[in-house]
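4 protein chains.
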Amino acid sequence: MQKGRLEAFSDGVLAIILTIMVLELKVPHGADFAALRLLLPVFLSYALSFVYVGIYWNNHHHLLSGVRQVSGGVLWANLHLLFWLSLTPFATGWMGENHFAPATLAVYGGVLLGSAVAYFILQNCLIAVNGGPAAPLARAVGHDWKGKLSPVLYLVGIASSFVLPWLSGAIYVAVALMWLVPDRRIERALAHENPD
Amino acid sequence: MQKGRLEAFSDGVLAIILTIMVLELKVPHGADFAALRLLLPVFLSYALSFVYVGIYWNNHHHLLSGVRQVSGGVLWANLHLLFWLSLTPFATGWMGENHFAPATLAVYGGVLLGSAVAYFILQNCLIAVNGGPAAPLARAVGHDWKGKLSPVLYLVGIASSFVLPWLSGAIYVAVALMWLVPDRRIERALAHENPD
Amino acid sequence: MQKGRLEAFSDGVLAIILTIMVLELKVPHGADFAALRLLLPVFLSYALSFVYVGIYWNNHHHLLSGVRQVSGGVLWANLHLLFWLSLTPFATGWMGENHFAPATLAVYGGVLLGSAVAYFILQNCLIAVNGGPAAPLARAVGHDWKGKLSPVLYLVGIASSFVLPWLSGAIYVAVALMWLVPDRRIERALAHENPD
Amino acid sequence: MQKGRLEAFSDGVLAIILTIMVLELKVPHGADFAALRLLLPVFLSYALSFVYVGIYWNNHHHLLSGVRQVSGGVLWANLHLLFWLSLTPFATGWMGENHFAPATLAVYGGVLLGSAVAYFILQNCLIAVNGGPAAPLARAVGHDWKGKLSPVLYLVGIASSFVLPWLSGAIYVAVALMWLVPDRRIERALAHENPD
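Chains as they are written, first to last, in the working numbering: chain A, 4 to 199; chain B, 4 to 199; chain C, 4 to 199; chain D, 4 to 199.
Any given hint could turn out to be false.
No copy labels: a pair is met if it fits in one copy or bridges any two.
Distance condition first, Cα-Cα at most 30 Å in a straight line; then the derived BS3-like pairs of lysine-lysine [stated by the list, open to error]:
id : residue 1 : residue 2
1  : Lys6      : Lys151
2  : Lys149    : Lys29
3  : Lys151    : Lys29
4  : Lys6      : Lys149
Don't read these hints as lab results, they were simulated from the structure.
Work out the full structure, taking the sequences as your base and the hints as a guide.
Structure representation (structure tokens):
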């Protein structure tokens, strides 16, 4: 029951984050395609962040599906993740409106990094209260190489934002693509545990 | 269970899309009816888009009610649909504020087209993981002539937006009216399958 | 199941309407209480509309709790109600920013009237698909004198907005107070039906 | 069932309050870190209010988990709490944009105080309809010293805002930290009642 309300609240916050980002796509004054073309960087940032928030919703969904217990610490680890994700609309809008300027790329990477670290903390909290490293959830999460590689790549992206801004942007896109392949580890492992 | 969270998240996003559109209806400076009259095109666009998002919610609701399984691919097909629908407030506001100018009509039609294609993809993903073309869901969806006719009409609307803008607008209204008749196919077919 | 998703979607839309209204309460430029005092009419409009949306949520909650069946028609009657309620933030902001000017009072009353009529239609649709006038739901709704009196009072409020604006405002407040007494009819009647 | 919809609606409103606050963090015009530094007070206010809304969600979640009955009065006590919390984005934005000016600190404290009193009323309503002071819920809530101390501290914060503004800010942060320790009283007491 507790878990149900945690999921419902997270779904609500993620749905709102996903949707209010589109408010940064401000209606232009002109009524022709030229006016629209100026919005292209904002639109591209929006699309990228939409994919990222979608990835978090997807992974959150998979992670929680293997969970039986939540604790007070889990509630706060989850709110911590939502805090970082709630900064996404701001970082997205700032990056889009400034055409991927170096500082905006660094801040966008910082928000991605903070979210990734917060997700990692949440995952570990959930494992701790769901049987520890030998239990189904921990085995389902497994080595989690994507979860470990992503923060390293974000750090490279942040570091390169003032030197090679295009590399920084390319890294953020590449990490999103890496995650787009849906995370079936937990599904598979749990199906294995409960084969009925 | 998975399906429940997919529905909850989609409901959240659709509810927010439906509601933030009204933010484009900006409070006018004057306090008389003349000030209000200037908002009429924005209001009409809002009403049309409200009906469209309502149609998608209705159809999504009916489609999912016949579903037993969701997969990673379904989650992304659903997010893809939500992405297109999330552009509706922008396209609506742009069209309304520019009094249905040609380019804005074309973009509005483009968002409708993208949403229709995304819905079609989602429907096919759901059929694929729910027993294929011979299973209840596929038979319930049936020939889906409305779903096949709509994209064609949107294309006509987009094409005519620079030649006969009024036709383009009339087509978008006509398609909405065509869908307003609620989609009882799935309800009926499933009731037939499970007559208890 | 269907009913559950109708409730969840309505809850989502009502929660957003309730909350985005506060966005009309724009942060003033000054940092003293004088700057705040200028916001008083906007704040009062917000408080009144918060109570109205709260009343609709409460009554919707009670009405649906006595419902067993929903139909395609019910889904649209519900969306029609949500459409009128979605205009509340606009009408509230316009009225507040113009210090209850006559035209804004008339439009506010018009939105209240539209919502009341839409609620009445929804109630009748629900009765029609839940056993008709002799079934528990219809008997629970009963004479519904509040639901019949409110539209009449809103009409008086609209009519008086250009003649006696204060009366118009007083009527809107009075109707809200009349409804604040929670609607226990349906609860009571259903408890009577299922005394276990 | 009734309780479920009360929780869902509250989750929706709290999720939106939490998320729209980030809209006050307006995208700056400059594209460097200097432009970002100007946003620091707004960011700090946002972080503090995020923690406060998170605390309310957490405590609401714990409180409701011990509840079996809701009444019409409870629905309104809950809406009253949501009203005060809905003023948080405004108070947060005003305080942040004016760099914690005295009047803004007093108003922020006033919103915290109103929310605390509203929570106290809700808690007492819930106890009254769930068996009174001798029942599990009342015993789970217990002495509630945090709930009694907080309003006193908010009053000290409000009083000191014009004399010692920094003390006022420090008090609001301290109360948040005091609550961050999750409220396990109800969990523990209920686990004791139903040891299975």
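Evaluated hints:
no.	hint	in the structure
1	Lys6 with Lys151	both (26 Å within a copy, 29 Å between copies)
2	Lys149 with Lys29	neither (34 Å within a copy, 33 Å between copies)
3	Lys151 with Lys29	neither (36 Å within a copy, 32 Å between copies)
4	Lys6 with Lys149	both (25 Å within a copy, 25 Å between copies)
Going down the numbered hints, you'll see the structure goes against 2, 3, while the others check out.
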